Amino acid sequence: MSFLREVDPAWCPGCGNFPLRMNLASTLEEMGVDKSRFVMVTGIGQAAKMPHYLDVNFFNGLHGRSIPVAFAIKAVNPELTVIVESGDGDMYGEGGNHFIHGIRRNFDVTVLIHDNQIYGLTKGQGSPTTRKGQKTSVQLQGVINEPLNPLALAITMDASFVGRTFIGDKEHFNKVVSAAINHKGFSVVDIMQPCVTFNKVNTFKYYKEKLYDVSEADSSYDPTDKANAFKRALEWDDKIPMGIIYVNDKPTYHELHSVLKKGVVLAKEKTAIDISAELKAFR
Amino acid sequence: MRDYVIALSGEAGQGLNTIGDMLALSLFRNGFCIFTDKSYHSRIRGGEYIYRIRVSDTPLFSMRQEFDLIVSLSKSTTLSQLEYFHDKTTLIFDSDSDHVTTEDTGFEMNVMNFPFKTIAKEAGEPRAQNVVALGAILALFKVKMEIPSQLIEEVFSGKDEVIKSNLEALERGYNLELSIDIPDFETNENNYYLVNGTEGTGLGAIAAGCRFLSAYPMTPGTGVMNFLVSRAERYGIVVEQAEDEIAAVNMVIGGSFAGVRSLVTTSGGGFALMQEGISLAAMTETPLVMVDAQRPAPATGLPTRTAQEDLLFVVNAGHGEFPKYVVAPRTPKDAFELTEKAFYIADKYQIPAIILLTESLVDSSATVEAPIHNEEFLQRFVVEGGDKYRRFESTETGVSPRAVPGGKALVRVDSDEHDEEGYITENLKIRKMMVQKRMKKMKGLVGELTAPAKFNLDAPLILVGWGDSWGAIDEFATGRNDVGYVHYTEVFPIDPSIREELEGKRLVSVEGNFTGQFASLLRSKTGLNVEHIGRYDGRPVSANWIQKTLEEEGII
Numbered sequence: 001m002s003f004l005r006e007v008d009p010a011w012c013p014g015c016g017n018f019p020l021r022m023n024l025a026s027t028l029e030e031m032g033v034d035k036s037r038f039v040m041v042t043g044i045g046q047a048a049k050m051p052h053y054l055d056v057n058f059f060n061g062l063h064g065r066s067i068p069v070a071f072a073i074k075a076v077n078p079e080l081t082v083i084v085e086s087g088d089g090d091m092y093g094e095g096g097n098h099f100i101h102g103i104r105r106n107f108d109v110t111v112l113i114h115d116n117q118i119y120g121l122t123k124g125q126g127s128p129t130t131r132k133g134q135k136t137s138v139q140l141q142g143v144i145n146e147p148l149n150p151l152a153l154a155i156t157m158d159a160s161f162v163g164r165t166f167i168g169d170k171e172h173f174n175k176v177v178s179a180a181i182n183h184k185g186f187s188v189v190d191i192m193q194p195c196v197t198f199n200k201v202n203t204f205k206y207y208k209e210k211l212y213d214v215s216e217a218d219s220s221y222d223p224t225d226k227a228n229a230f231k232r233a234l235e236w237d238d239k240i241p242m243g244i245i246y247v248n249d250k251p252t253y254h255e256l257h258s259v260l261k262k263g264v265v266l267a268k269e270k271t272a273i274d275i276s277a278e279l280k281a282f283r
Numbered sequence: 284m285r286d287y288v289i290a291l292s293g294e295a296g297q298g299l300n301t302i303g304d305m306l307a308l309s310l311f312r313n314g315f316c317i318f319t320d321k322s323y324h325s326r327i328r329g330g331e332y333i334y335r336i337r338v339s340d341t342p343l344f345s346m347r348q349e350f351d352l353i354v355s356l357s358k359s360t361t362l363s364q365l366e367y368f369h370d371k372t373t374l375i376f377d378s379d380s381d382h383v384t385t386e387d388t389g390f391e392m393n394v395m396n397f398p399f400k401t402i403a404k405e406a407g408e409p410r411a412q413n414v415v416a417l418g419a420i421l422a423l424f425k426v427k428m429e430i431p432s433q434l435i436e437e438v439f440s441g442k443d444e445v446i447k448s449n450l451e452a453l454e455r456g457y458n459l460e461l462s463i464d465i466p467d468f469e470t471n472e473n474n475y476y477l478v479n480g481t482e483g484t485g486l487g488a489i490a491a492g493c494r495f496l497s498a499y500p501m502t503p504g505t506g507v508m509n510f511l512v513s514r515a516e517r518y519g520i521v522v523e524q525a526e527d528e529i530a531a532v533n534m535v536i537g538g539s540f541a542g543v544r545s546l547v548t549t550s551g552g553g554f555a556l557m558q559e560g561i562s563l564a565a566m567t568e569t570p571l572v573m574v575d576a577q578r579p580a581p582a583t584g585l586p587t588r589t590a591q592e593d594l595l596f597v598v599n600a601g602h603g604e605f606p607k608y609v610v611a612p613r614t615p616k617d618a619f620e621l622t623e624k625a626f627y628i629a630d631k632y633q634i635p636a637i638i639l640l641t642e643s644l645v646d647s648s649a650t651v652e653a654p655i656h657n658e659e660f661l662q663r664f665v666v667e668g669g670d671k672y673r674r675f676e677s678t679e680t681g682v683s684p685r686a687v688p689g690g691k692a693l694v695r696v697d698s699d700e701h702d703e704e705g706y707i708t709e710n711l712k713i714r715k716m717m718v719q720k721r722m723k724k725m726k727g728l729v730g731e732l733t734a735p736a737k738f739n740l741d742a743p744l745i746l747v748g749w750g751d752s753w754g755a756i757d758e759f760a761t762g763r764n765d766v767g768y769v770h771y772t773e774v775f776p777i778d779p780s781i782r783e784e785l786e787g788k789r790l791v792s793v794e795g796n797f798t799g800q801f802a803s804l805l806r807s808k809t810g811l812n813v814e815h816i817g818r819y820d821g822r823p824v825s826a827n828w829i830q831k832t833l834e835e836e837g838i839i
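Chains X and U, in that order, are what the protein sequence lines are.
For what it's worth, the numbering used here labels the leading residue of the first sequence as 1, then goes sequentially.
For what it's worth, the numbering used here labels the leading residue of the second sequence as 284, then goes sequentially.
Calculated directly from the structure, the hints in this document are not laboratory data.
Mixed in with the good hints there might be a few duds.
Said to hold, decoys possible - Away from chain X, derived, C-beta distances all over 12 Å, residues of chain U:
1) D370
2) S380
3) S545
4) K712
5) K726
6) G787
7) D820
Unchecked claim - Now the stretches of chain X that chain U is said to cover, found in silico as 3 or more residues with beta-carbon under 8 Å:
8) 27-41
9) 51-62
10) 75-81
11) 89-103
12) 255-261
To be verified - Below, computed lysine-lysine pairings styled on DSS-like, alpha-carbon distance capped at 27 Å:
13) X:K280 to U:K427
14) X:K280 to U:K425
15) X:K268 to U:K671
16) X:K200 to X:K123
17) U:K691 to X:K270
18) X:K170 to X:K35
19) X:K205 to X:K123
20) U:K691 to X:K262
21) U:K691 to X:K268
22) U:K691 to X:K184
Keep in mind that this is a model prediction, so the values were computed, not measured.
Yeah, the Cβ is synthetic: ideal placement off N, Cα and C, and Gly gets one too.
Looking at chain U on its own, in the form it has when it is part of the complex:
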């Protein structure tokens, strides 16, 4: 697998995000497969900001940490990244701000200093230093200049003078003609889409018919709210910024009770505040769909970094006993499809369905095939009801007919234990029946699960994974005959029948946490012995990290 990693490095506020997006999109539109990620501090100005783009012939879904090319606007940020340099790394530095030499980096490498700001000034727009750098990089990849030119025209639409000077800056960047060896990547006749996890989740929600969203802003979960609000007018979606997470989850339960597919988004700390609401949805059997975009915790943790630390918390969230459905997409395409499924499962079983994302998934754009919209997932399972309607009627499946207020039936729901009509009760026989009724849904729910992804299960070592670690695990295992994997995107409930396939194998779970939460979940549901390796420094797992850690632990 040929690949090449470009890093744009500087401080927040230097426009790296804009230029990174333009670079990524230009490479993608030229037919390359790319994967991006962002490493940044929880601040608006200053601090370090690294935008990485990994270019490859076919789609990849994880980042390689070592840079091949770093374009830097800040000396201090550059020098803080030395651990990711190798002896073939090329450093391009903006010499108008400072100067970097191999003495600074401490080893022999290719360092080029260019006066980006001066060049931009000559083009008539001193602020276009990033565009000069953009041109210089795209020329290396032989990307047709029309592609970034069109993006510049879109970004600065209506400002003719700015467009003119930026196009001039772009051309001057192209003309720098850097001498750096770049693999000659294949270009695809592009049937791919460039989507990040936020967009995948947001698109999935819209396609599923979600028309109400409430959230309290919390990084990295805020993106999904922003995405839906940007389409609110077009599709007729109400997005309400709540006063707190407790209000947000209760609003979404209200919207759902009244008959509209509704979504609440947050990160771990906000999710913690929503737990009584999860329990409320369970007791009132109101469909509830939630997004938890995980960041490292406890407490406020690392707001802009990634982790897989909320799994057991989310699986066990809400007081009392009740069924729930938890998914953890591995790619932005998965995020789309599993979000649609989460709405469907929540409606069909009248339970909480939780979409577990990570910072790395929501912030990373990947080259994906078209997400598959499933028409079946639009079924609402809502009945009209009549005079004799009983909201919590006992049934074989545990699922009662759900009507919404405003129709023929009076709909009564209560957070207290209640009878079939929905009225509060302290009759303990009814209580026992209601517990059984709610728990019966688990059986149907397990039948809805698709099997986990499996690769080379005959190998002596089987890695176990869940969520967005898939890209790294797949990359590591591909091409080795001594390693296989089993990877989950539907993480709760777990179908215990997997035991037959995995029994007797050495199982090592690869996770973005310290304690091996999925290993412990799988062990508790199947009785299998599962070891684990965990990454908990705020960075996503990568193929290299898996290799190094397995070696250090003496596993390979």
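Pulled out of the complex, with its shape left as it was, chain X reads as follows:
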């Protein structure tokens, strides 16, 4: 079952979103995901256009607000596989509050962040992950704010799955993203990709040279070791860690919620509730 829609995506030639789209579609196909029970939720930005170029159910909502929408879809219909697709501005900037509280809820969702460390759709402003000193269309003298470290933030908040991958390594992408989708709980995958038009620093070559997989580098790497995972997450300048960085198998929102843990699918419940007995309490 192909997840690709026949269409000409409105991204710049050479954009990292092209290989990301192909990698994602093949990952979903290889996993045998049931298309009718799959929903993609996105915000706004170049990354958030993704579902228009796939053949899926989707809710392409407001800038930064994909996580609350995804939460409720999953809450009322746990039979759906829900994926949030977002960019570094959409998720870590506009949607930062929801990112934090989504992790706290630990509902079963996979959040894929196309992190190219720049704003694309609004033309080259610094994003929350743009490194200090980088000159942009607005930060003319270079960025002076500290960059947001998504992996460290997610681990600090005890997200139940934290990973990173690269659009230039299809096999690695498939490994990390499929593990994230299979993981029960809030899964964060920070996806490194170049913006060929607006980011001349974090290029394909830049990522290719610096990225390394934590468990390939160290066969004894234990993703359940939170302190060690956090230490890895802080690495950047010389080497950038990727792979399955942190995993904590803990109960999900559905498993803890007093109503949902009974396995109820609200989207399939009949709506009528007889309240005549309830009214008697007001006599």
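Put chain U on the given structure of chain X with help from the hints.
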């Protein structure tokens, strides 16, 4: 119309709410008609707290501001209320805390000091001073002692010693045998219910099949969330406290998109944060039902007071142009029925539907007939779809077939302008068609409206009102042959055909705001000239206030 107003006055934290509820419920269960309200500060302890109960022979839906009987536990609170005393007001004061004389009140009136705390102590429970007062008042109304006794047993269920001492305190209160003249109210063979606006709205939502609610706490809108969560286990409802109002509205849109009737509740400031979400619901044609319990604004305003200030804001909420439906219930019964209708309209037209409440409506309990559940309002208008399914298919009515994800059709929705399939488009012909498609729904929507309440339209002066001012307007106009009224509970859209009935009459809108927002809305939709009087001191309009203000303005 015979009536009698009791005020319980003290500070927050003195248990007045509990005792007020018990007093109200006892009077109601004895067969009297009552209406309550609460006046309090935005704090948990201290400050002034007034719980008022108006007793009458037949149901009333507004408060009279002058107290006939005030039972007070705090001297400073009592003396801050002097403007509501009249020369026949009786003041009962707890003399264990202080002493009040006619020198303090500044005029001759009936002041009684009783050592409530000492009496309670003798009964074995020093904290039961309120229960002594409760007994003393209920004895005046000849309420059978079994009624409050049963309530005490419910409230302190499982604590036998506490029940025993409280029942003793109650009896000692009854035995005080105060000598105060109380009208001999008729008792009804009770087919009534005692419901406040919060409960009416919450019950309506449950009856309509609402199974998901998200909100960020904000007074006075929090009550509806609390009500649903108290029934969540019983009915299988998911209530999620969101990190902010933006998350709350987006969650509710998500729940609705996935096929479940969902509700978001807030007050004005939170509603302001939700506006982009309203626009999102409009563009994605996702049913969205919202509650805005109004408080005086701007900004944080007066959190625990009442106003009708959000009307034009709510009617115009959300950027861009799209249809929406706005209701403003006049009573708790209305709140039930209009909440059900709001879910129905939101589903049928795939638009935002907003329930505008006020602090006074949500906090006031009224004696109402049974709310009428409408089975038709349970229709969901959801289709199964198939391979060729197009979420935004162009139709005669502007309403496209709505499927939900997880079924036979792939459902695609976008906040960008989109084509019939739901894919993003910049084709301007499609854009124009989509605007027309969405706006076409207005026609069907106007056909769903019920006519406003009308009274004595032959009178030379016609008052105009909306929402919970109805009780005061009706009370004022009833029995006068020179005043009629037209009163709206569905405040948007407005059916312009009302113009024919009202043309040439002097129209004065009575509103809980400064600028006369409904007057201006009605004027803009009908071309009628509508004057207004407005109350904006944080208190609800009352019949007396209407009379006084119309006189001051030279209107009557």
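Quick rundown of the hints versus the structure:
1. D370: holds, 37 Å
2. S380: Non-interface label stands for U:S380: nearest chain X Cβ at 34 Å, farther than 12 Å.
3. S545: violated, 7 Å
4. K712: Given that every Cβ of chain X is farther than 12 Å from that of U:K712, nearest at about 19 Å, it holds.
5. K726: holds, 27 Å
6. G787: holds, 44 Å
7. D820: Nearest chain X Cβ is 31 Å from U:D820, so the label holds.
8. 27-41: Result for this restraint: holds, n = 5.
9. 51-62: It holds, with 10 qualifying residues against the three required.
10. 75-81: That given contact holds, which follows from 5 residues of the region 75-81 of chain X lying within Cβ reach (below 8 Å) of chain U.
11. 89-103: holds (count 4)
12. 255-261: holds (count 4)
13. X:K280 to U:K427: Within the cut-off at roughly 21 Å; holds.
14. X:K280 to U:K425: holds, 25 Å
15. X:K268 to U:K671: The given pair, whose Cα atoms are some 23 Å apart, holds under the 27 Å limit.
16. X:K200 to X:K123: Holds: X:K200 and X:K123 sit about 13 Å apart, inside 27 Å.
17. U:K691 to X:K270: holds, 19 Å
18. X:K170 to X:K35: Measuring from Cα to Cα gives roughly 21 Å; hence the hint holds.
19. X:K205 to X:K123: Between X:K205 and X:K123 the Cα gap is close to 22 Å, so the pair holds against 27 Å.
20. U:K691 to X:K262: Holds. U:K691 to X:K262 sits at ~26 Å (cutoff 27 Å).
21. U:K691 to X:K268: OK: U:K691 and X:K268 at ~14 Å, within 27 Å.
22. U:K691 to X:K184: holds, 26 Å
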